[in-house]
Amino acid sequence: MPPFVYHALVGFIVLNAVIGMVTYVTLLERKFAARMQSRIGPYYVGPHGLLQPIADAIKLMLKEDVVPTLADRWVYNLAPLVFLVPCILIFATIPFAPGLGVADLNIGVLFFLAVSSLEIVGLFMGGWGSNNKYALLSAMRAVNQIISYDLPFIFAALVPVVLAGSLQMSAIVEAQRGLWFVGAWYVLGPLAFLAFLVATLAAENRVPFDILEAESELVAGFRVEYSGMKFSLIMLGEYAHMIGTSFLGALLFLGGWLGPGPEWLGPVWFLLKALFVFLVVTWVRWSFVRIRVDQILAISWKLLLPLTLLLLMVTAFLVAWSAGGA
Amino acid sequence: MARNGSFLGETVQLVGAVGRAMGMTLRNFFRRPVTVNYPTVKRVYPDRFRGILALTYDKDTGEENCIGCRLCEFICPPQVIKVEMLKAEKRNWAKTFTLELYACEFCELCVQVCPTDAIIMLKTFDLATADRREMLLDKDRLHALGLQHEPSWATGNRLRDMQAPPKVAKDPGKAEAKEPAE
Amino acid sequence: MASTATTQTVEIGYGGNERLIMNMGPQHPSAHGVFRAILTLEGETVVAVDAVIGYLHRCHEKLAENLTYVQYPTIASKTDYVSAMTAELAYVASVEKVGKIDVPKRAQYLRVLVAELQRIASHCLWLGTWCMDMGGALGGGATIFLYAIRERELILDLFEALTGARLLYGFHQIGGVRYDVPAGWAERCRQTVDLIERRVAEYEAMLEGNAFFLVRTQGVGVVSRELALDVGVCGPLIRGSGVGYDVRRAEPYSSYQDFQFTVPVETAGDCFARYRVRMVEFRESIKIVRQVLDGLPEGPISSRPGVKSVGQVRIPKGEGYTRVEGARGELGCYVVADGGAKPYRLKWRGASFCNLAVLPHIIPGHKVADVVAIMGSVDPVFGEVDR
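Chains as they are written, first to last, in the working numbering: chain G, 1 to 326; chain L, 1 to 182; chain R, 1 to 387.
It is possible that some hints are incorrect.
[Claimed, not checked] Listed below are several chain L residues computed to face chain G (Cβ distance under 8 Å; list not exhaustive): (1) Leu8; (2) Gly9; (3) Val12; (4) Thr25; (5) Asn28; (6) Pro33; (7) Thr35; (8) Tyr38; (9) Lys42.
[Claimed, not checked] Away from chain R, derived, C-beta distances all over 12 Å, residues of chain L: (10) Arg50; (11) Glu64; (12) Ile75; (13) Gln79; (14) Arg91.
Keep in mind the hints are simulated off the structure, nothing from the lab. Glycine included, each C-beta is placed from N, C-alpha and C at the ideal position.
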């Protein structure tokens, strides 16, 4: 069939798969967090709570759509979409197996990083258009935080790129056949992975960096005036971004679809590794209190950015030395 | 955040603290949850549980224990009990007895003062309803509740016996029977 | 004094010294009850705090004039409802002092036992809600909250086996206590207290040395020693600022002088110091509980016969004030008796009421996020603020 139709079909399947996975990842997080807190999570809707995400989705779809009187209508209504679209678009570049992806661009990583930074526009639109002091405060904090953490995020994600020598995602995975990049050069790989995880936490507004939503102060931050389907779009976008960066982390550092066993088992390994990254992030989320916004910015600019810059430079030096030198 | 002097030391300490905290959470992951799946599983209530109120019948004769003396009505702090006495030759009865359970404090003072152990509390609290009028318990309802559920340990006489200074001293030297000061 | 703040419309412009008046309203996830703080913000920094209270006023003091001495102890527990045993004790001890009524030794020891168990339970709740305020209801704070509540439930189970109620007990009465210890309870109490001691060590492992926690609490909300003495705060607030004042040591009541315990004092005066004070108080309370269980004397639990009628206790003319060390500080009750079965006047001195007075002095200069950390470390309960 014509490649256009083929790619559109794959895109459609991936879109549905992503949305389905995102809803069930919320359930996974709730059960995981509940077990860590000595309780069981959703239990009654469906066997062991398996139908809970469906029930939540139906409830959100049936809710009344409330728009505040003095809200800026266009900005307010468009914000969830502007937030959601980049978060789903990043899945277009992730290959789930060699050849199985929507578009395995030769600048894949660059596209991913660039597009995922666009969500900040939607976030700020939501905060501004809500005509709510709390939402505005949180949107300001979010802009501060996400801009500060995008740089370390990009530098940490560039370390595997330099190690592999290519921006194409499948090439990066192929370069990990011998050794996953998380173990590269003994100390470099783990540090880069750690920096990547911390930057992910912050770019994703997860505790300990979730000052923007800070339930006990700002009660849901920029999302506070959204209800019903718009709220579910925002939640979808957040979790999609979360899963997307987990997939990226698994791909860049943990070897993507490489794993023991036959070739067709690759996507399963990929999924498991991405879920592992997601669960580590969730584990951190449920273990710590949050820190203040000025301390968050201090960590980014004074600690994480110099560290990732240093890592990148050292990686580049080591790669050049081992390739060109002896 | 990053200090120049002991940067390495602080980082090591931070990593250690982070590891400890996350280790604690992971340890809890493998402990049994403390959830009790009410209503399929019910908790075991202790003997003295202060649940819903009920009126009792005499064990031997089957008559109502309540003599309509209204002591419970007078002592109730939120004044939720209303009693009317019915005088008769051998003993008195309660003509009407209403208890507004939606305002009840469950303080057990009415149980404490009852001279005939008529009013007691039960080991259950399951009386959620959508209609407030169902929580205005009248005499028939109170007697029916008393037969349906398990009563708690506390009755008026038992509580007063527990609280009273011993009248018959086991050791004659320790007879601190009456109230020492008024 | 607490006038309603005039509403102002402020342009939200952040080009300089524009101030934003934000309401941390009575309905708020971290208001610890119903508390309204009108914050004046410059960017993220709070420059002024206007505290509005009174949302939980239930006329306790007037109610006491219409309820007799045997009826009111069940209501007294509703002032400091998180720490109900000490609240009832304040009222009952005050009436006993005015009426010169003795309390038998066993009853005194039982009162100490439940007061210390209640202090442990109240501090569990404090730790949980404070970490939840700082960490979010969907985050790490909620984890510590659920652990702390799990431990508090163990103590509430003990109280349920003792009195039949879990939160508002009605355990005290004029002249003694209402319930005696059932069979097997002492052993269960010992096991619970051992378990809680181990779990408190787990909380400390999760929080101490954790840079995230330390940067949120160290240097935040510093109450200097002079300010503490000027404003008249009490409880862990003043012990965290260098003044070792504990009512159990200053004016021992109910046989506290028989027990060995230390009163923790920290000098830093910030949230972390108050946290340390309360964590040490956990262990000291456990120590006292063990001493009471070891040395519980036999005897009656009340010097007066059990309540049989509503006007049973009559207190001759007189007035007096007794204070107890509640979980939040000095809780006091001033009773004026006129010879009848009801007090002529009752006045509560709420610990949190006096502690809240320090907020307009220590909050300005901090960020919005610190406001919740400071409120949590002050640990107000609005039952005793508004009564």
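>> Name the hints, by number, that the structure is in violation of.
In response: 1, 2, 3, 8, 9, 10, 12, 13
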